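> Residue numbers (the numbering used here), protein chains in the order written: chain A, 1 to 580; chain B, 1 to 580.
Be careful, since some hints might not be right.
[To be verified] Pair ranges (Cβ atoms, derived):
#	chain 1	residue 1	chain 2	residue 2	range
1	A	N564	B	A111	19 to 27 angstroms
2	B	T525	A	K546	27 to 35 angstroms
3	B	A540	A	T210	35 to 43 angstroms
4	A	P43	B	D145	34 to 42 angstroms
[Claimed, not checked] Distance condition first, Cα-Cα at most 20 angstroms in a straight line; then the derived EDC-like pairs of lysine to aspartate or glutamate:
#	chain 1	residue 1	chain 2	residue 2
5	B	K124	B	D114
6	A	K113	B	E411
7	A	K113	B	E558
8	B	K266	A	D114
9	A	K557	B	E109
10	A	K136	A	D115
11	B	K266	B	D337
Read the hints as simulated data drawn from the structure, not as lab findings. Values in this document were obtained by computation on a predicted structure and should not be read as measured data. A virtual CB, placed ideally from N, CA and C, is assigned to each residue, including glycine.
2 protein chains.
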Amino acid sequence: MDKILRINMSGSSGPEIKTEPLGPYAGLGGRAMTSTVVAKEVPPTCHALGADNKLVIAPGLLSGSAAAMSGRISVGCKSPLTGGIKEANSGGQPSQMIARLGYAAIILEGAPKDDTLYKVMINKDGATIKPDNSLKMLGNYDLVDKIKAEFGEKVSCISIGQAGEMKLGAASVAFTDMEQRPTRHAGRGGVGAVMGSKGIKVIVIDDAGTAMRPPKDPEKFKAANKEFVAGLRKHPVTGQGLPTYGTNVLTNVVNEAGAYPTRNFKTGQFEGAAKISGEAQAELENSRGGEGSATHGCHRGCVIRCSGTFYDKNGRFVTKQPEYETVWAHGGNCGIDDLDAIARIDRMDDDFGLDTIEMGATIAVAMDAGLAKFGDAEGAIRLLEEVGKGTPLGRILGSGAAVTGRVFGIERVPVVKGQSMPAYDPRAVKGMGVTYATTTMGADHTAGYAVTANLLGVGGSVDPLSPKGQIELSRNLQIATAAIDATGMCLFIAFAILDQPETFQSLIDLINGFTGANLTADDVTALGKTILKQERNFNAAAGFTKAHDRLPDYLLKEALPPHNVTFDVSDKELDEVFNF
Amino acid sequence: MDKILRINMSGSSGPEIKTEPLGPYAGLGGRAMTSTVVAKEVPPTCHALGADNKLVIAPGLLSGSAAAMSGRISVGCKSPLTGGIKEANSGGQPSQMIARLGYAAIILEGAPKDDTLYKVMINKDGATIKPDNSLKMLGNYDLVDKIKAEFGEKVSCISIGQAGEMKLGAASVAFTDMEQRPTRHAGRGGVGAVMGSKGIKVIVIDDAGTAMRPPKDPEKFKAANKEFVAGLRKHPVTGQGLPTYGTNVLTNVVNEAGAYPTRNFKTGQFEGAAKISGEAQAELENSRGGEGSATHGCHRGCVIRCSGTFYDKNGRFVTKQPEYETVWAHGGNCGIDDLDAIARIDRMDDDFGLDTIEMGATIAVAMDAGLAKFGDAEGAIRLLEEVGKGTPLGRILGSGAAVTGRVFGIERVPVVKGQSMPAYDPRAVKGMGVTYATTTMGADHTAGYAVTANLLGVGGSVDPLSPKGQIELSRNLQIATAAIDATGMCLFIAFAILDQPETFQSLIDLINGFTGANLTADDVTALGKTILKQERNFNAAAGFTKAHDRLPDYLLKEALPPHNVTFDVSDKELDEVFNF
């Protein structure tokens, strides 16, 4: 990873490709890379779909190595959804492959002269870009089939569906998984719209002829990796909960805690939760044969394997095993308790290239606007079909919950900085509410996952219903998360490293063994703070103030059953999160 | 004007009406009243369509008196279009009538429990409110007919059309004119959506049995009024240009200056300008008989009379004489050069209750998105019909240009703070650009009308193409405008008072003669500053920063023919406008 691939769509005689040395970006990976490039190169007040915005795709610091869990990738830009800085994170195969090819980042910049659609091909000999209008308005599944027919079964793809081409605010960037299906997405913040605005439909990656990235200190690295994997296997969440039921193990947990946002955040418990829980999902998947539940990682090198495959009742592939947030978004939040319907919707989201969280939140707002009834799965599917077709209604919905709320005059819209809240009601998991309000990303659970200490007893225990202790909890998690997002590590390692000091140490040893550095725990914290400060500064220059670090009004006034709690962390406390 | 009428839609057993003394609001009128009430009573971060927002309707300080030109009315709230404070100003009859009834403000607050629609009736005996669902989704014209059938020909109406009921961002509040037609609108910022969110369709005003408000010093008042009117008659703009051709006299002027935004702000001259100019309009109107051009004031007491009536070729009433900004919005900005089509569209805007500026800007953005061709008047009419019907496409368009741009992925959207720019290209009338960028209102020509010194040689002369001198020009005009907007005076008096010191003095004498105060010119300036500071503070608390005091990116990069100028007033200079 000693170079950067820069693709300038504004070149005088068409797109121009350059390979550059790392320069000021040496030593950065993942979110540290994307946020630094965006902060340094993108004018904060630019139009997110204009020539001045850049899409930065960066493997983690350890991606492409033998380090377990290191295959996550970051996608950064100014977000067309929030208007602030964005890092959206994804699994899939490209991270490892791009890293093996030696690229620390791919930067898409400028703007194409016309509406020609391009494909980029990257292999050991370098990168090329070609117009290919035959790809226009293909869904991600058809697109990947076409690419495989052209380039073979071993390439991976980074692509957009119809939503990205239409530059919609909920558009994702898709990454192919180990089966070369476009099931892994950098979903949040409309990163797919920015890729669409650059006129690039797909980046095809072929790592044939490359080798795994070698560690600087092979002995130390190998030992640390062993200890690290053992730590993950030992912890009940990463060793047992996630592998057995997948992320959807959370449905029953969050529902029992009364924090499961139901029917557009009206109540905290869903009577149909048991029917769409991880346990029910595993039973269903296992009963349908195939590989069954929780048998897959989202990328090569994963040892938790919280994913799986969803087949229909006739044994035909539908989609990857839908994640907890997806099941919630299209399930409880829309009053839907049918796993088959949820899987179909998940498949549609992946195909059109849409963020499942944003779309579930949006459809629930649309249900409040009377466009379908809560619980009406076929109604939800009809609404989503509109997005794929690009009808006016579809474009509204594909622009996300905030725009949908505006267009239909709905006040109860669960967004922060224009981005939809995920599957944890901030009134009943208050640490999560603090993260939603204050993260640089717009409402985002992954930015500081306070569910750990609030509900799971991981990394300590903080009463989820009390405002006490939530600021510190969220602050520490946001700092740690920013650092983890720089490594290419899956965020789920946090469960083990929060609870097991020796596993945290093994992660640091792993980084040091690989890079030859001598980082301490304090250095990791400092890295996280540096990333966050950089992001906050970008957002401030883009026009964000503490008024944007707030939850929507109604969550402060409307009590959430069954605990009948409102969000009561004070504004003053919220303003203390970034006190470093 | 010694009391406030407060209508609380959140009352436990339905809407509650209270009449209150002025308290802290004594001595305030128009924009000074609306902005003070909003700043004092509305939480800046509240949802604009929620129970915490308030709609404040306030006659000017001199409204209801014999002072010439004093019948303008202010409508204030937190704007659903900009997210900031809003004062939208209108002519029509209600200002004089409300003032004669003794109300310094009508405040609509709270939120109705359900979707029942209400009508409010105000007369000398007080105010009442009644549900009336028979009014649902009536256009303003049908509504006013129904109200006249019920209450007689002498009442006036403040109402919303379908757009306000749908809570769309471009929804206006309509005020009936001297012929009791709903042709006068507080158009900007979505004030109609806020009225819709309160569930109030119409406020019916009957001033029977009331008298003109008497001045404190009748002699002084009478003499000052005479001098004031003489001053207006003497000035070439208010005495000649406006009365002869109406506001549309500006089409040829602005077009010749190369500052006429054509086809979504792509060029500064429109080849069809002569066909839709004030001169052409006057000729057409006069040829069709009726009262002809420029024979009407927008309210009783107007001595400029820049308005008229537009009849179709068969002599049937279509609409009031469309104003310059309306002719531009639906004309040159959409490449349309047909006055009959523009008049039909103006009628539709008035009927649905939509801001003509916002809708013209929006349709041009929609044309850039391929929804109709520039110059296609029937296409524009079809698009507008969608708004009236409330289809998804109509709701997008009715939400304004910013939302339309987002939904269709268009970068070139001429808005500031989410509100569309009016009929003066900021690149070629740079003082106007400074006002667009920095006013508290979102892009708004009336907030500091630098066309005066930039193009008309009124109040001095500042080169419109140079960045020099524009900051001071805009600052002074913004301050003066805020003060004028407090008086109930028509803003067009500014032409005369800027050029003729004795006319300015007569205005001050008029105020002093009426109120018994001893204001000086400095006091007027101080009032303007106080209003602006209050508005800036509200916006800052709502989350606005200097990053929001900017024009869209593309206007800084894309040169405007024929002068090939960009907007080159620096950010640093823009930040100096509010240096007081």
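> Hint check: K113 (chain A) vs E411 (chain B), CA-CA at most 20 angstroms. Holds or violated?
Status holds; Cα separation ~14 angstroms.
> Starting from the range 27 to 35 angstroms, see whether the pair T525 (chain B) and K546 (chain A) falls in it by beta-carbon distance.
holds (32 angstroms)
> Within 20 angstroms, alpha carbon to alpha carbon, are K557 (chain A) and E109 (chain B)?
Distance ~17 angstroms between K557 (chain A) and E109 (chain B) Cα, so the pair holds.
> Taking the Cβ atom of A540 (chain B) and the Cβ atom of T210 (chain A), is their distance within the range 35 to 43 angstroms?
violated (53 angstroms)
> Below or equal to 20 angstroms on CA atoms is what counts here, so check K266 (chain B) against D337 (chain B).
Holds, at about 16 angstroms.
> Sort out whether D114 (chain B) lies within 20 angstroms of K124 (chain B), counting only the CA atoms.
violated (30 angstroms)
> Assess, step by step, whether the Cα of K136 (chain A) is no farther than 20 angstroms from the Cα of D115 (chain A), and give holds or violated.
holds (10 angstroms)
> With 19 to 27 angstroms as the target window, see if N564 (chain A) and A111 (chain B) comply at their CB atoms.
Cβ of N564 (chain A) to Cβ of A111 (chain B): about 21 angstroms, so the range 19 to 27 angstroms holds.
> Measure nothing beyond the straight line between the CA atoms of K266 (chain B) and D114 (chain A); if it is 20 angstroms or shorter, mark the hint as holding.
Holds, at about 17 angstroms.
> Can the restraint linking K113 (chain A) and E558 (chain B) be considered satisfied, given a maximum Cα separation of 20 angstroms?
Satisfied, since the Cα-Cα distance of roughly 14 angstroms is no more than 20 angstroms.
> Evaluate the given range 34 to 42 angstroms for the C-beta pair formed by P43 (chain A) and D145 (chain B).
The hinted range 34 to 42 angstroms is violated for P43 (chain A) and D145 (chain B), with Cβ atoms some 53 angstroms apart.
Hints 3, 4, 5, counting from the list given before, are not met by this structure.
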